[in-house]
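S.K.: So you can see what is in the structure, the chains are spelled out below.
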Amino acid sequence: LAVRLGDLAEALETELHGDPDLLIEGVGTLQSASAGQLSFFSNPLYRRYLKTTQAAVVILSDEEASECPVSVLVSDNPYLAYARAATMLVSSPKNDAGIAESAVVSDSAEIDQTATVSACCVVGQRVRIGPRVFIGPGCVIESDCEIGADTQLVARVTLCRETRLGVRCLIHPGAVLGADGFGLANDQGRWVKVPQLGRVWVGDDVEIGANTTIDRGALEDTVLHNGVKLDNLVMIAHNVEVGEHTAIAGCSGIAGSTKVGSHCTLGGQTGLAGHLTIGDNVHFSGATLVTRSFPHAGYFSGNLPAMENGAWRKMVARLRHLDEMAKELKIIKKAVKALTGGSDK
Amino acid sequence: LAVRLGDLAEALETELHGDPDLLIEGVGTLQSASAGQLSFFSNPLYRRYLKTTQAAVVILSDEEASECPVSVLVSDNPYLAYARAATMLVSSPKNDAGIAESAVVSDSAEIDQTATVSACCVVGQRVRIGPRVFIGPGCVIESDCEIGADTQLVARVTLCRETRLGVRCLIHPGAVLGADGFGLANDQGRWVKVPQLGRVWVGDDVEIGANTTIDRGALEDTVLHNGVKLDNLVMIAHNVEVGEHTAIAGCSGIAGSTKVGSHCTLGGQTGLAGHLTIGDNVHFSGATLVTRSFPHAGYFSGNLPAMENGAWRKMVARLRHLDEMAKELKIIKKAVKALTGGSDK
Amino acid sequence: LAVRLGDLAEALETELHGDPDLLIEGVGTLQSASAGQLSFFSNPLYRRYLKTTQAAVVILSDEEASECPVSVLVSDNPYLAYARAATMLVSSPKNDAGIAESAVVSDSAEIDQTATVSACCVVGQRVRIGPRVFIGPGCVIESDCEIGADTQLVARVTLCRETRLGVRCLIHPGAVLGADGFGLANDQGRWVKVPQLGRVWVGDDVEIGANTTIDRGALEDTVLHNGVKLDNLVMIAHNVEVGEHTAIAGCSGIAGSTKVGSHCTLGGQTGLAGHLTIGDNVHFSGATLVTRSFPHAGYFSGNLPAMENGAWRKMVARLRHLDEMAKELKIIKKAVKALTGGSDK
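Residue numbers (this note's numbering), protein chains in the order written: chain A, 1 to 345; chain B, 1 to 345; chain C, 1 to 345.
Hints should not be assumed to be uniformly reliable.
In this list, chains with the same sequence are indistinguishable; a pair is considered to hold if it fits within one copy or across any two.
Said to hold, decoys possible - Subject to a maximum C-alpha distance of 25 angstroms in a straight line, what follows is the list of computed DMTMM-like cross-link-like pairs (lysine to aspartate or glutamate):
| no. | residue 1 | residue 2 |
| --- | --- | --- |
| 1 | LYS193 | GLU15 |
| 2 | LYS51 | GLU67 |
| 3 | LYS259 | GLU146 |
| 4 | LYS314 | GLU244 |
| 5 | LYS327 | ASP76 |
| 6 | LYS259 | GLU13 |
| 7 | LYS337 | GLU13 |
| 8 | LYS327 | GLU308 |
| 9 | LYS334 | GLU308 |
| 10 | LYS94 | GLU324 |
| 11 | LYS94 | ASP62 |
| 12 | LYS333 | GLU101 |
| 13 | LYS334 | GLU324 |
| 14 | LYS51 | GLU308 |
Everything labelled a hint here was simulated from the structure, so no lab data went into it.
Between the sequences and the hints, there should be enough to build the whole structure, so can you do that?
M.R.: So this is what it looks like as structure tokens:
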């Protein structure tokens with residue numbers, strides 16, 4: 001796909017400094033882009049590559065425009081403009097609609113004629129698959145699932161019974177939606193399974209990463225609202241609810257019945273305990289453990305960054321006595337106060 | 001399924017306050033249950049829904065019986081009684097026994113006539129599958145595996161060679177049992193693979209979550225005893241042994257050769273180092289890192305709950321100097337002692 | 001396979017104390033090895049089993065040779081020598097070359113005649129599969145992938161389009177290579193997908209654990225160099241680069257664009273933030289969170305080991321006031337200095 005630079009500028013609603021008749025074909029990084037390709041500058045870490053880029057055109061913000069030796073597209077949000085440009089410039093592979101010979105599809109499944117069901121898929125009873133849906137190879141769709149228009153299951157995705165996906169979702173390989181939640185009642189030391197009767201309900205424009213698992217609800221549904229984005233190896237337990245446009249990075253886990261608001265971000269390896277309420281616009285940095293509700297917007301952290309092993313050992317040893325240290329400090333404070341005649345300043 | 005309330009009370013060994021001839025059909029939460037449905041009350045967080053419930057009958061403990069506007073079943077352990085009631089009231093889907101046409105089954109596999117092998121499964125040589133076993137779609141059972149009666153593999157489960165599952169196990173999609181352990185010897189900076197020759201041995205009534213992995217032993221077996229329950233995305237390394245009725249929540253990991261006792265619980269994201277011994281009735285809260293053995297029963301923790309990012313930054317900065325703080329405190333203590341004539345009280 | 005002990009000693013370049021004509025068949029632990037089997041001693045934890053072993057021969061270091069009641073092979077690196085011995089003594093199953101009937105293979109795929117493609121695999125367009133490659137059951141290989149000689153995909157592995165594997169790699173079940181990276185641009189609160197156009201490039205002799213995920217690059221490639229070893233449930237984000245012979249234990253995650261050097265080790269559940277540079281020979285203990293670059297060799301840690309729950313609660317409560325404690329200490333120090341006339345010693 002070759003696009004005229006002037007047309008690209010217009011489509012992206014960016015200001016062009018350069019030749020509108022230049023043809024742009026493809027994208028690249030500042031270091032690797034060749035003549036004819038578009039690049040972008042948004043992370044200051046890579047500033048050193050800006051002055052020597054061989055790209056045809058660079059998307060950047062107003063402040064950097066003068067530093068760039070080639071044509072520029074000025075944008076308030078260069079990364080966003082780049083995302084749109086790349087989507088325009090790179091063609092995605094076309095799939096032939098239809099059901100592969102090796103797919104095993106129940107007679108009662110309703111599959112739109114424009115949908116694709118690839119090789120070695122298994123589709124259960126009463127499944128409904130909408131227009132232009134792509135089911136990649138090796139997927140298992142259990143009975144009574146519903147998949148909205150234009151949703152894509154890349155490969156080897158499992159949807160357990162009654163899972164509902166909205167439109168334009170993208171589910172990566174190995175993801176499992178709708179497995180039983182971890183519901184156990186204790187009978188004098190032995191665990192008794194609590195039937196998991198709810199479903200997984202996924203809204204529109206949701207992306208779910210590779211090998212991520214989302215359990216079905218115990219009684220009511222586990223819900224991912226519109227625009228939720230989950231990275232790989234994320235664990236969403238039963239009856240969790242994740243609000244619109246919340247993004248959760250890799251290896252994070254949310255325990256049962258916790259409600260997360262809209263427009264939140266969870267850094268990688270974050271863990272949320274069960275039965276919490278997290279408000280809108282709450283942000284947790286990576287590897288944070290969340291054990292209480294955070295109903296109001298804010299930025300929260302809780303972890304111990306790496307340090308040299310010897311220093312860390314000393315610190316941990318001291319930490320074990322922190323309570324005693326605090327008590328001693330109090331006593332000394334009192335003693336000093338007495339010595340100084342009531343003032344400790 | 002409709003069950004007479006009197007019959008239900010008897011089967012659950014609960015005390016009924018209400019009309020024994022009421023017919024109960026299905027279950028629901030306190031908020032959502034409709035007339036004819038059974039609900040339960042066990043988590044005080046949801047007390048507010050008790051007084052306005054529309055359920056036909058609620059399972060609860062003696063203290064709450066008077067607060068409930070509808071019929072009640074009084075139980076010492078309402079959640080357990082609910083688990084049993086739900087199992088009685090909700091029918092599970094029936095599977096047709098037999099081997100799907102698209103399944104690829106070795107001639108030397110012995111499959112009970114009452115077992116199900118679903119579409120796109122691959123079953124290797126000398127595999128033995130017991131009565132009423134359900135192998136869902138897309139499973140791979142390598143050679144010499146053994147699966148006990150009534151065990152269910154939901155879908156896309158992998159059992160590597162020689163894996164042994166007891167009776168009444170339930171394995172969720174994407175789980176991998178019997179992959180090689182992470183055994184590496186170092187040869188002047190290069191890693192040399194150590195053959196992994198043990199097996200995975202799983203007892204009876206074990207549940208294993210979605211995308212959980214359990215590695216085969218290096219020489220002897222990795223063992224999960226009867227009644228062990230593993231949530232999703234749990235990692236069990238080679239030669240780990242997990243005792244009876246121990247439950248491990250999502251995203252936890254246990255490193256090689258660690259032995260965990262019976263009736264333990266591990267919160268989500270807990271990590272156990274290798275070669276440890278954990279006794280019976282040991283409980284770790286979520287996201288705890290365990291670096292030494294805990295041979296005796298108890299409740300242990302080790303993590304840093306989330307706080308406001310600015311406060312956390314200050315705390316971490318201070319932590320880096322905790323050893324110096326402790327030393328200074330000691331010096332000051334001595335000085336104060338000298339000033340006060342030997343007493344620092 | 002039976003091997004003469006003298007031949008084994010020679011092949012392993014170890015010094016034999018014992019009868020060179022003994023025939024060795026198989027391997028076992030010090031406790032379980034029977035007459036005719038080889039064992040090894042390298043972990044002092046298991047010293048108590050050395051004196052009573054029934055093994056035919058034990059590989060160990062010079063210092064322990066005199067403690068062992070049976071024949072010994074003396075080695076500077078007993079674990080390495082054992083790894084080699086076990087590889088010689090244990091036969092691995094042979095696979096029949098060829099393409100299974102139930103595999104679905106594109107006409108344009110080039111598959112070496114000595115390669116195996118097992119049941120229920122799906123192989124896309126223009127895929128190239130080298131000599132003696134083993135593709136186990138249920139794998140999905142998308143278009144334009146390339147797999148080098150002698151590489152093995154055990155079962156149910158997914159290679160997304162354009163993934164490149166070198167020679168002698170071993171990929172365990174459920175691993176997903178080449179899924180989209182988590183690239184999102186924010187448009188006034190809504191996430192817009194950034195096309196992920198790079199590939200996954202894997203060198204030679206790389207091992208990748210069960211259910212591990214390695215995302216494709218955004219523009220350039222995600223790279224695992226020769227000899228990299230990844231355990232289960234590891235998450236490698238887009239554009240990460242891992243240097244030669246680096247080993248990463250289970251449940252670890254590396255965020256986008258971080259470069260890890262050669263000969264590093266990451267303990268289990270370790271997390272690396274994005275855009276960092278980790279030098280060669282850097283070692284992180286388990287559950288360490290890495291938020292800054294560590295360009296130089298060393299051993300680093302950052303976590304809070306488990307302690308009794310009550311003590312931990314007190315410690316966490318004190319930690320929340322650590323900044324105030326530090327400030328108070330400073331004030332008291334000053335006051336004491338004034339009292340002692342300028343000296344606080």
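S.K.: Against each hint, give a clear statement of whether it holds in the structure.
M.R.: Each hint tested on the structure:
| no. | hint | in the structure |
| --- | --- | --- |
| 1 | LYS193 / GLU15 | between (61 angstroms within a copy, 22 angstroms between copies) |
| 2 | LYS51 / GLU67 | within (6 angstroms within a copy, 68 angstroms between copies) |
| 3 | LYS259 / GLU146 | within (24 angstroms within a copy, 41 angstroms between copies) |
| 4 | LYS314 / GLU244 | neither (44 angstroms within a copy, 32 angstroms between copies) |
| 5 | LYS327 / ASP76 | neither (53 angstroms within a copy, 43 angstroms between copies) |
| 6 | LYS259 / GLU13 | neither (37 angstroms within a copy, 35 angstroms between copies) |
| 7 | LYS337 / GLU13 | neither (67 angstroms within a copy, 66 angstroms between copies) |
| 8 | LYS327 / GLU308 | between (29 angstroms within a copy, 19 angstroms between copies) |
| 9 | LYS334 / GLU308 | neither (36 angstroms within a copy, 30 angstroms between copies) |
| 10 | LYS94 / GLU324 | neither (67 angstroms within a copy, 62 angstroms between copies) |
| 11 | LYS94 / ASP62 | neither (37 angstroms within a copy, 63 angstroms between copies) |
| 12 | LYS333 / GLU101 | neither (81 angstroms within a copy, 81 angstroms between copies) |
| 13 | LYS334 / GLU324 | both (16 angstroms within a copy, 16 angstroms between copies) |
| 14 | LYS51 / GLU308 | neither (37 angstroms within a copy, 39 angstroms between copies) |
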